Amino acid sequence: MRWRRRFEGLDTLVAERGDSLLAAAVLLTGSRAAGEDLLQAALERLMRHWHRIHGDPEGYLRRTLYHLAVDQWRRRGRRPEVLAEIEPPSQPDGTDALHLRAALVQALATLPPRQRAVLVLRYWEQLTEAESAEVLGCSVGTVKSTASRGLSRLREVTAAWARDDAPAWNGAGR
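In terms of our numbering, the sequence shown is numbered consecutively and its last residue is 181.
Hints are computed from structural coordinates only; laboratory data are not their basis.
One or more hints might be untrue.
Distance ranges between label pairs, derived from CB positions [unchecked claim]:
1. R39 <-> E138: 54 to 64 Å
2. V147 <-> S97: 37 to 47 Å
3. E43 <-> E132: 17 to 27 Å
4. H61 <-> D100: 57 to 67 Å
5. S97 <-> H74: 37 to 47 Å
6. L143 <-> G101: 15 to 25 Å
7. L158 <-> G101: 55 to 65 Å
8. P120 <-> D100: 33 to 43 Å
9. Q47 <-> Q133: 52 to 62 Å
10. D100 <-> L143: 32 to 42 Å
Note that the structure is a prediction, hence the values are computed from the model and not measured.
We put the CB at the ideal spot given by N, CA and C, even for glycine.
Taking the hints into account, I'd like the entire structure generated from these sequences.
And the structure:
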């Protein structure tokens, strides 16, 4: 309640003329963010001097906006802004992962069925050697040797990608 009495009329001024004041501040600064900052600084100054303002508070606020903007221009003239050409870091969008996954699926398709099954169970499904052997109905030694041969063949197929400097499957090797 005390705030209302102390700053009587300020809330109506901002509610009725706020959009117009913000538009002027944006035009003075060149961007919405800088305009919002300028208007906020002018409102802070207006509130500090509210008890001394007799008459038109909007006029005082507009003059304050203009004076603060001119002060910023002068400061910039003495200490020019240096804008660095900084490119924001790119955000991975997942397409590389999708291409790599598709290429690996195609590379797996070149393997014999048993090698493919062992590699899928061991590395995609993350089963242990014993669990993979149980699923396939073979010994643990067979899973180990088949996985070794399958990985060796996949290395041969994907080595061509590194030589060609191409991360995706190019269809060669079939």
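Hint-by-hint comparison with the structure:
Between R39 and E138 the Cβ separation comes to about 59 Å, which falls inside the hinted range of 54 to 64 Å. Judged by the Cβ atoms, the range 37 to 47 Å given for V147 and S97 holds: they are separated by roughly 45 Å. Evaluation of the 17 to 27 Å hint for E43 and E132 yields a failure: the beta carbon distance comes to about 54 Å. Separation of H61 from D100 is about 59 Å and conforms to the stated range, judged on CB atoms against 57 to 67 Å.
Distance hint for S97 and H74: a CB-CB separation of about 42 Å, consistent with the stated range 37 to 47 Å. Checking the proposed 15 to 25 Å range against L143 and G101 shows it is violated: the Cβ atoms sit about 33 Å from each other. Restraint check, L158 to G101: a C-beta distance of roughly 26 Å breaks the suggested window 55 to 65 Å. The hinted window of 33 to 43 Å between P120 and D100 holds, with their beta carbons roughly 34 Å apart.
The hint said 52 to 62 Å for the Cβ distance between Q47 and Q133, and at roughly 55 Å that hint holds. At about 37 Å, the beta-carbon gap between D100 and L143 stays in the expected band of 32 to 42 Å.
Checked against the numbered hints given earlier, the structure breaks hints 3, 6 and 7 and satisfies all the rest.
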